[in-house]
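S.K.: Need the complex rebuilt from these two chains, each delivered in its own frame; the hints are there to steer you.
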Amino acid sequence: MSNSAFLGMEIALRGLYSSQRGMATVSHNVDNTNTPGYSRQVVNQKAARPMLMAGRVGMVGMGSDVVSVDRIRDTYLDEKYWGEIQHFGEWYVKHTILLDLQAIYNEPSNSGFSKIISDFYDALQQLSTDPSSHSIRNAVKEKGIAVAKYFNSVAAHFDHLQEDLNNMVYAKVEEINTLADQIQKLNMQIYNFEVMGYTANDLRDQRTYLVDKLAQLVNCDAYEVETGYTLPNGMPEKRFVVAISGKALVDHGSVVHLKCVTREEKLNFEDIDNLYEVVWEDGNKLKIKSGELKGYLDMRDGNDGLPALNGSGNSPSCMGIPYYQRKMNEFVQVFARAFNEGIIDIDGDGVLNDADGHVDGYTLSGAPAGRFFTMLDDEGKPMSSDQFESEVYKYAEAKGVTTSNFDKLVAGYGILTARNFSISFEIDSDPVENIAASDQAGEIGNNNNLLKLIEMRHNTHMFMEGTGEDFIKTLISTMGVDGQQASIYLGIQEGVVKQIEGRRQSISGVSLNEEMVNLVKYQQVYGAAAKMIQAYSEVLDILINRLGV
Amino acid sequence: MRITNNMLINNIMTHLSSNLNRTMKYQNQLATGKKISMPSDDPIVASRALKLRTDVAEIQQYSRNMDDALSWMEITEATMNQINDVLQRFREITVQAANGTNTPDDLQKIGAEAGELVTQIIQLANTTYAGRYIFSGFKTDKPLLNSDGTFNVGFMENEYIQFEIGIGDFINVNVPGYDLFHRSNVASQGDVSSLFQTLDSIKKAINGQDLDPDENQHEKISNLLGELDLEIENLLRVRAGLGARMNRVELTSNRLDEDYVSFTKLMSLNEDVDMAEAIMNLFNEQNVYQASLSTTARVIQPSLVDYLK
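Residue numbers (this note's numbering), protein chains in the order written: chain A, 1 to 549; chain B, 550 to 858.
Okay, chain B solo, but in the shape it has when bound (with noise of 0.2 Å):
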């Protein structure tokens, strides 16, 4: 074949171009850390990377909806831990009450805590989590209980909160006041909670209040007694399905944290560049370059036309 000299030079600017080339795909490779720029490069891992993306922003935002549900929790278990408290306190001094040998003044003093737990279980019945009302189902901006004992608000069955901790996986991150004052019966505004009618009577009962004249005091007491059991088996019932809800965003949480490492490790195995193997390649082609920069120097140059005389 015959060779002249422009074909020589359009071959040379052909590789050193391809070269180059593949050159700058290294180098933006090495600048970016990422294996393509555009999705051309690699249809199958840029679409792969946009769904990748999106999954691991998921898992973040489902990682802070947990978060926010946990802390909701954690302010119901401790009002209800309160609360059983106050219960568990309100039991010893009826016990006490119902106990025959106490004097009238005794009675008075046992009286007097008695109201002051009954107090304080409405203020722990409007307890508030950033603003919100947590026993008010979803009417977060009102008190659950009115002084008096009775609803400020209606509720409808079911009225729980739910966060989305998973695609389509919901949690109930609240305890509707209905649920844990009243007897999971639901109550509408204006009702009086049962347990603050079961406090309440009993308060009147060791104050001697609303006596029929032939009722013996501390049997009326022990009686109602029972009735306090039943409210505070109903607080353990409530406590235990929270517990079990927060046991179950715990899991959750453990679980999208494993995904969020995998699913990041995915993610760069997907589109990160493997350092070691481009620069590699960079240095090859460096190489390659400089080898074709030099055999260039040494072809271009001479003709006959250097040699003639």
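Just chain A, same shape as in the assembly (with noise of 0.2 Å):
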């Protein structure tokens, strides 16, 4: 039995066809080693069946076959990299939050909060070495429109930067669902080329790709689940989930997209109107654990875990925004009850004692005095004291507090916001009779009720937190711990990412020397075998045209 003529050509044919699609395969890492997400394909090359040879020679070889062109992939590492990608973007958002909250409190420097309440109480003993001065009566009118000023700025910057996450909140909601509906277009096409029985490495890289995206946005497993059919090359189907919380956000060829409603009550009290709530399109209640998503949210309201106004459980235990706002509203409370009534836990036993504040005093012709700070009414004009004496009370009774005008006016300050707060009407207008220095009518070179009012800048019991500046300090050094841990958990997560990152790349990054040596191994191939062919050209040439009959 003998060989058939071309046999030896048809294998060395084979050898050209895998190297070739050796070089293409090279050509193909080559160009995609800037891609992201990309993942090297090898070819995976096996000798071909043989040839069963009739008599003693056994089987002869059909050279080689390229069965498969493989991408080298850890889905292990994927899984890894999106459990930890999602607490990147979650601290990545907190970190730049937090930085910009610091910014609006400008602490420590020369026009922060220590500055202006330092530079008020300085006109104040300004004032109380000369009460009778015009001049200085003025400048503390100045300064009092500095402090109140200050709490309205810092307040608008808050509502301002609540916005812009509300906003943000929206945006990143609109980016998971973009995500979702490629993710779920190339899991259609994946599907479709696979039943086939090939694996379509490309698309399957960019959906992994896609996958990571997500994951820093918000909280998502991503996994095939293999649905118990067999595929028509014998293989079982598999369909591809990615869930958020447990719940599929796409599944196979489906999606449910999340979904921005305005809420119609408030979560805090703080909170600006119409801020979004997210929920899943179908209605069920979305949960989110980490993610951009998740750092916009609670920065959006956090409000330390307080209870929510509308009822839905809790706020975010982080202090975000509100808490902060709660925090300056606070302080404008406590602060301009103190100084305007007196109101104010003198002997520190935790009960609030009617000492005596700028009402208990006499303007300089001797009329017993108004309040130094009272409220913006709804057209951004200071209230007088009466006006706002009335709204206290209101609110107040509102609140269901009627039993003596003291108690009124201790629960009635909760009408003062960072955003309200003012100095009063008489002041505003005329500051050199309305400031009351004096505890007596008449007396102009009286300063006694000055030094009281001063004398309350040092009171350790008017907040838990010790005096009004420790109060504002504790405010600032909180979101300065706050802000160093975010960003000692931003570098964490870096690193972690970083690392996985690295190794991703170390398995299916393409190293171009490899592709190179791969490149010369098959391009030798490529060469010898068409030296083969020749060769046999040649052979064939012996056979054919020399033998001469």
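All the pointers check out, no bait thrown in.
The calculated lysine-lysine pairs, modelled on DSS-like cross-linking and capped at a C-alpha distance of 25 Å, are:
| no. | chain 1 | residue 1 | chain 2 | residue 2 |
| --- | --- | --- | --- | --- |
| 1 | A | K408 | A | K394 |
| 2 | A | K531 | B | K858 |
| 3 | B | K583 | A | K115 |
From the derived model, a few chain B residues whose C-beta atoms are all more than 12 Å from chain A:
| no. | residue |
| --- | --- |
| 4 | M573 |
| 5 | V644 |
| 6 | V667 |
| 7 | L777 |
Keep in mind the hints are simulated off the structure, nothing from the lab. Please read these numbers as outputs of a predicted model, since none were measured by experiment. The beta-carbon is built from N, C-alpha and C at its ideal position, and this holds for glycine as well.
M.R.: Okay, structure coming up:
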């Protein structure tokens, strides 16, 4: 039994095909060296099925065969990456926003709270050394305005930031939905392709890359589940599922979007109107555990875990914008109540005393004084002392406090916020007359009332945290500690993510050196196979042309 | 471990950017002179910085209060010094008038001088400091005495104007008129000042007015001398009190000056950057940066591609 005349040619041809395929793969890899999410491919090459020969010859090798082109990928690393990038996303957002918050407070500097409150007290001190001076009385008014404006401006910045964060929540939800749609489309393409028995290497890379991006936005799991059916090619049928907190966002060919719904009722008292609640499009409640979206939601809604106004459980336990708004409100309420009315805990027994405040003093001409601080009315003008008092009483009565004027004042100052804090109309329009320096009518050199107001600055029972300045100091260091923590966590997460990314690159990344070696390898084999064809050609030449008959 | 081109590049980028981050930190420190620019850089330094700033600002304000207190007290002291001179002169002429060798003409001249001195006392009682009557207690807009020696303003007990010169530390800066001019008895509006009363009765005795027929003029003047001595003694008492208070202000002022120095020093220690150290650090980072740039340039460029011909 003899070989077919062209068998050798056929075998060499297979060699050409295999090395061509190998070179094509090298080329594909090199082209995609910088493609994000790409994993390198290798040619899976086997010796072709040998030909069985009769007699004693045994099997004749039939050259090489390319069985498949595989992507080199460690799915364990993908899952690990998704598990870590979500925390990176959350801390990245929190870190950035805490920097914004700190910038709003602008401390330590020569223009932050401590400077402004110091200036105010300095002016009061100055006035105490010359209580009848018109110019110093005007200076006290200006410094009082600076204090009020500082709180207004901080509150306005917070409001603005909250609105920005709300818009970011919306944008991130849109981004998640878009990614979900893209993943769904890829699911279908991959399924249709793989039904034929191939592996959709590049499409799978793209899908993994989209999940990478999605995982940074929101906590999600992605996995393939076997449906129990068998495909025509004999492989089990699989569906690709992406789930947020256990509920499927994408399940093979179907997508459930997320939706932003404007809240009917505020979550926190301090919130601005019309914030978004993120829910599933099908009406289910969404639970977000991490990711950038969680970062934005936490910073937008975080009120140290206070019960929510709208009865939907508690606010996020982190300290976000509502927390700082609430603290600023608390400051102006307690501070103004003490300064105006003298309602302050003098002896530290935890019970508010009715000491002397601005209203207990007398104006320059000897009339009983009004309040120094009030609030802005709806038109943004400072309220008069009496107008403010009636608002305060109204507010207290609405809260069910009707027992005594003292109790009403204690409760009613809740109406005051950092947003509406202001000096009173009287002080604003005629500071010379209306600042109450004296504790007796008609004594223009009497500074006793001023001294009492000044003394409150050092009353360590004013707040739980101590004096007013201690209160703000505590607030700012809380923010500093939070910011520091966020930046440390961010650093850690960054390290972890980079480490995983490095390992991914180590396994799936393209190495140019390696590709070049492969190129040379395939090229040489190509040349050798071509040489074989030439050799066979010469053999046939001898056989056909030179065997002269 | 398999190392790929992108791993190298990612690694290099990570290290370069963390190096630049540190460089920026030191550059920031050098540009601002401060260790931190945000509370989160170091919350403890930030919170101490806030406290120290407040402390320093307060010390400065207390210093200003003290300067105001001192100038008020210095005016008061100078005025009382003049009152003392007037009273001493008054005593001299009273002693002279008590001498039996005076002719009626002499007595008349002495009486005229006594009258002048009394007017001067009333003027001194109405001394002002920056437009404020210093002896009128809280009614600094009103003169203390009328020309007839009655009080123009009424007083409450301890009508002291207080300045704060330390946390919860108050000092009385004024001498209330009743203390000096009424031998420390609280006076109401319209009461005649005891000092004026004494001087006025001596003046009248010298002028021979209000004299009982059987009364000896010289004896009467001699007796009134005792009253005058009481007034002078009162003045000395008040002056001594004021002197003691001025002393206290000066001592406190010295202490505050020292506090100011030590607090600003603390503030600087807390938040100011150690320039030498920061410059060293910056140079160090620059060296590392250059080293990593030059290694990057060597590592990143060549691959097998360059050598395949």
